[in-house]
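Trainee: So you can see what is in the structure, the chains are spelled out below.
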Amino acid sequence: MSTSESSSTPPILRGIHAALPAPLLSQILSSRILLVGSGGIGCELLKNLALSGFRHVQVIDLDTIDVSNLNRQFLFRSRHVGMAKCKVASEAAMQMIPPLHNADNDDDDTPPAYVPHHGNILDNNQFHVPYIQTFSLVLNALDNITARRRVNRLCLASGIPLIEAGTAGYLGQVTVIDKNAGVECYECQAKSTQKVYPICTIRSTPSMPVHCVVWAKELYKLCFGGKVEESMLFEDEESLRAEKDGAADENDLAEKSSADTTDGAGKTDTEKSTDASNKSVDSTTNNNEPPGEKSTHQSKDDNFESTLRLAAQQALTALFVTEINKQIGMNRYKNAEKVPLPLSLEDLEKCTATEVIPPTQRKDYQPTQIWSPAECLVEMVSCFLQVSNSSTPPLPEFDKDDEMAMRFVTAASNLRSYVFHIEPIQSLYSAKGIAGNIIPAIATTNAIVAGLQVLQAFHILKCQWMYKNGEIEDVGGGIKKLCRYTYCLREKTRRGYILQPTTLPLPNPNCFVCRNAVISLSLNTKEWTLQMLLTRVIKKELGFSQPTILVGGDIVYEEGDDIDPSEYASNLSKKLIGLPSGGVGHGTVIGVEDFTQDLEVEICVSHKDEWFIAVEDEVAGGKKDIKLDDREESEKFEIGGKKPSVPPSAATTDEAQTTKDSTADDDDSSVEVMGMESTANNAQKPSAENNGSSKEAEAGNVEDDDDDSDIEIIEGGTTDAVAATSNENTSESRMPLKKRRLDWDRENQNGDDAKKAKIAEDTPAANSAEIEIIEIDSD
Amino acid sequence: MSNARVLYLNLTGVTCEIMKNLVLAGVAAVVCDPRPYPDAVRELPSSFFRASEMEKIIADRQKEIKGEGEPDSKRIKAFKTVAAAVAPEVDELNPLLVGRNAIEERSISLLPDDYFGQFDAVVASRLTVEEAKRISMAIQKHHHAKKYADGDQSEENTLFIVTDTFGLDGCAHLDFGSSHRYRRELGKDKLSDPTKINPYVSMADMFDVPLADASGRWDKIPPRVLVLQRLMMDYWEENRKTGGGGGDSDEEKSKEDFVAFAKQWLDTNKIPQSSLEIEEGQSMELDHLAGIALHPEVSPVAAVLGGVLGNEVIKSLTRKGEPANNVLLFSGLDGGCRNFLLCAEKSRK
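Protein chains in written order, with the UniProt record's numbering: chain A, 1 to 779; chain B, 1 to 349.
Possibly wrong hints are sitting among the right ones.
Claimed, not checked - Computed cross-link-like contacts, DSS-like style, restricted to lysine-lysine with a CA-CA straight-line distance of at most 27 Å:
(1) 133(B) to 253(B)
(2) 141(B) to 320(B)
(3) 492(A) to 190(B)
(4) 253(B) to 492(A)
(5) 56(B) to 492(A)
(6) 56(B) to 87(A)
(7) 350(A) to 326(A)
(8) 492(A) to 196(B)
(9) 526(A) to 574(A)
(10) 350(A) to 334(A)
(11) 146(B) to 196(B)
(12) 526(A) to 540(A)
(13) 196(B) to 141(B)
(14) 526(A) to 87(A)
(15) 539(A) to 574(A)
If you are wondering where the hints come from, they were derived from the structure by calculation, not from laboratory data.
Owing to the predicted nature of the structure, the values given are computational and were not obtained by experimental measurement.
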């Protein structure tokens, strides 16, 4: 670096100029970065990017700023509440971009631009493969699996490197995904998102607070949801009768079925009660009065309220007395450790009939307080009253951020816990943790992973620059060598690592997403019909035998032994662009599944209407020329990538099967709870010939940013964190993992697979298993 | 934790990151940095300082010196310390802390010995070895006296961190205090009985360990990043004395000076050249290192180490979780951060 170079470099970038190989700074200045998510990690990333000299960044985020974001997402202030996160964050980061000193700097003379897109990454019209391909690399700062998978696939299909990161409490990880590097993609390891709870546990034999919270969420749906039949607590009369008749012979089943019957009946009472409340709303507001004017008619109001109170009392009696007594009467709990104790009718009457201030309206109210049964009852009544008195209908689905919904679920789940002697009783705050699977996000962890992501970005840009200069043969190879999968741990490893880098894991050979199973296909979408696509490409070229074809998540074609061929026949003659669900156009991703082969691929379609073929021009002496392709339309297509290989179906089927069976003991009736994955699933992940380091370190692998101070729990490590929050007993299944430790022989690590990772006594899983969430919120 | 106060001595990328993290978490900040703004923080990548604003001030000043711009006597007089410049930014970051944050515009040498022990943590950057030792002993003395006065009941401690980043690397020395007790996290919701840090080495003792002896089970020779921090600390001290390096002084000359200084320094401290190897056989060129010594700040490096050290401060305040005893080494090339125990041969056994 000469003196003149140094003085032309903006002062804030001189450190980067000195630390990195000379041409990298100009690579940084001219690169184009896509950032998906501008929450906790996103804010940190934007700051790091701006202060590192990145000048062209686009930010996609759907969210608006909430008060609860302010104590971590440091680019936001209270005046920004309600505004689009990506806009505020981009503007704040723009302020930090160092100005370039001289305009004649030919590295980059376009003004810097951080462009926000207030939209959903799932929106294929805006964010598709051609769009992704305009970037040097993509940074993920997301809080949910759906969006992560989407970006993963977009990046794989585009051949653009993706730097993925997630945090949960004190744990986090950063990795680089790149199709060309031949490394693990986001979906190489099954991201089992759900823990399956047997429905009868929820409905009849709860034993943990989470069971009661799940029940309360379903109750909310039943009481306030638009479609009562969507609640798992709902059962229609007909199916009840059928079930009863069918199971009449078998004593055991009969018992269960009648239990369900009474269960359903109990809920039907609830429905009636809520119906009653709604009707009374109708009758009081029937005289062409807007609901707001009700208060002027005092006497009518009193009447109205007492009707409501009576209805609420009936509902609560049905839920916490009648129903429980019925279950006890059926000897359902004769072998149980504790027999549930219904609420006393006296208490119920006292709490519902008269006006008592509910706990959340008291002056000294704190969300961490524990409510008594009486307080829970009063709180529930106040929820019913609020719903009936309000002119705006309640949310049809439970939302942990909805104040009324959260009060309702806290009170209802705790009443159930009291009845079933389940401990501990949850405060509203901790119930929210269970209901929304919240792990309080920790600002420091976000800062760490965002910093690590930008360091990985430096590596990728270096590889891209070296490739451009012919120093390396391909970018992917460089990425594989330079980039690291880094774990952020709570407790140090045996060698003292709290940030533990490992070489990027190898892909799962069965990964349908990254192992050549994302196919790019160019054709004329205005001329090709679904029939042509089906016979020429999907069957002939890709070897599907009984494909199901999906566009925009909807089935447009399906075949199989027990499928009526006429159902989708009308689609076959349609042009691709004219198919349902928005049609197939440039950038559309078609899903193709074939259960007979256990094969699932995605086809990324590029529209191409002009085709040329090379011809030998004899006159010019063998010189090649091109002319318009005049073959049949069905011959004019191009498939990029390799054909998907058909994996031996046994292995993957088994895997999927065990995952399901491991937790559900009631096959046909189970409830899936988002994000409460058991670590048992981890132990069953495909033990492909993957390298040891990734497998063993997996339990330390945690997901998710906190976008909203909360995260959905996805993988093993995170599950432990949830357990810490929700006071549940964690399963013993993670113990074997705890015994091991990922250790890393750093002296021998450099890109040498053979020496890569050694497994010693305990993996980072041990650390993740032992973390405790400490809240560092300031408020 | 809500009453905690942390003293920041000299703002750099990494101390700004620690401060940002802790202020967001509700820990009040006292900033001591009497250096002139914006000159002292011109190369500092932090959300607290805006490059465009700093460069404008400097450009305006140069115009005035040349007699070009509008004569504006007010601006010339408006000398501001870094502490004064950052104060409103810190307050703005977390309005709940307004009134509890403070600044200190005296230089470190003018601060009395009993000043440092009043804080829950002292986070310092760009210190000299002598300053670090003095503050360490002052903190020890403060808590010793307090303990004596309280009849051995006091559990107060001051975490003292001396940290710097240089290029892609960063290092921190951490002294949690001899009286510090922490509870190890045992699974969910369970904590161990209070545990002492073992072996405990005070900051002053850490700096008294001859660098050549700084080895350990996994380090046959002194770790590269530790060697670099000490080299940088001594070089920056030398620069401050001679007024060389940094700023707009002759870059090439400064680099030559550094190379000469470093060679002699390695010699004096009996550090083998191989200590500077990133990988076996791949040495770090002293010339390259010179550029880093003159321009040490890299934003993401400060972010990562600032996050890690923020966690260590929280561990100290909550007394939960095993602290990093007593050196943290961060290498940005692979993103690894690990703990290293720096102590004399005797105490290790």
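Trainee: Given the hint that residue 526(A) pairs with residue 87(A), does the C-alpha gap stay at or below 27 Å?
Mentor: Between residue 526(A) and residue 87(A) the Cα gap is close to 37 Å, so the pair fails against 27 Å, i.e. violated.
Trainee: Hinted pair, alpha-carbon criterion (27 Å max): residue 492(A), residue 196(B). Please report holds or violated.
Mentor: holds (17 Å)
Trainee: Within a Cα-Cα threshold of 27 Å, do residue 141(B) and residue 320(B) meet the stated pairing?
Mentor: holds (25 Å)
Trainee: Do the alpha carbons of residue 350(A) and residue 334(A) lie within 27 Å of each other, as the hint requires?
Mentor: violated (31 Å)
Trainee: For the pair we were handed, residue 133(B) and residue 253(B), check the Cα-Cα distance against 27 Å.
Mentor: violated (31 Å)
Trainee: Are the Cα atoms of residue 196(B) and residue 141(B) separated by 27 Å or less?
Mentor: Holds, because 19 Å separates the two Cα atoms, which is no more than 27 Å.
Trainee: Please work out if residue 350(A) and residue 326(A) have their alpha carbons no farther apart than 27 Å.
Mentor: Distance ~23 Å between residue 350(A) and residue 326(A) Cα, so the pair holds.
Trainee: Compare the distance between the alpha carbons of residue 146(B) and residue 196(B) with 27 Å, and conclude whether the hinted pair is satisfied.
Mentor: holds (19 Å)
Trainee: Given the hinted pair residue 539(A) and residue 574(A), is their Cα-Cα distance within 27 Å?
Mentor: holds (18 Å)
Trainee: With the threshold set at 27 Å, check whether the alpha-carbon distance from residue 56(B) to residue 87(A) stays at or below it.
Mentor: The given pair, whose Cα atoms are some 26 Å apart, holds under the 27 Å limit.
Trainee: Given the hint that residue 253(B) pairs with residue 492(A), test it: the Cα-Cα distance must not exceed 27 Å.
Mentor: violated (43 Å)
Trainee: For the pair supplied as a hint, residue 526(A) and residue 574(A), confirm whether the alpha-carbon distance does not exceed 27 Å.
Mentor: Between residue 526(A) and residue 574(A) the Cα gap is close to 10 Å, so the pair holds against 27 Å.
Violated hints, in rising order: 1, 4, 5, 10 and 14; the structure is consistent with all others.
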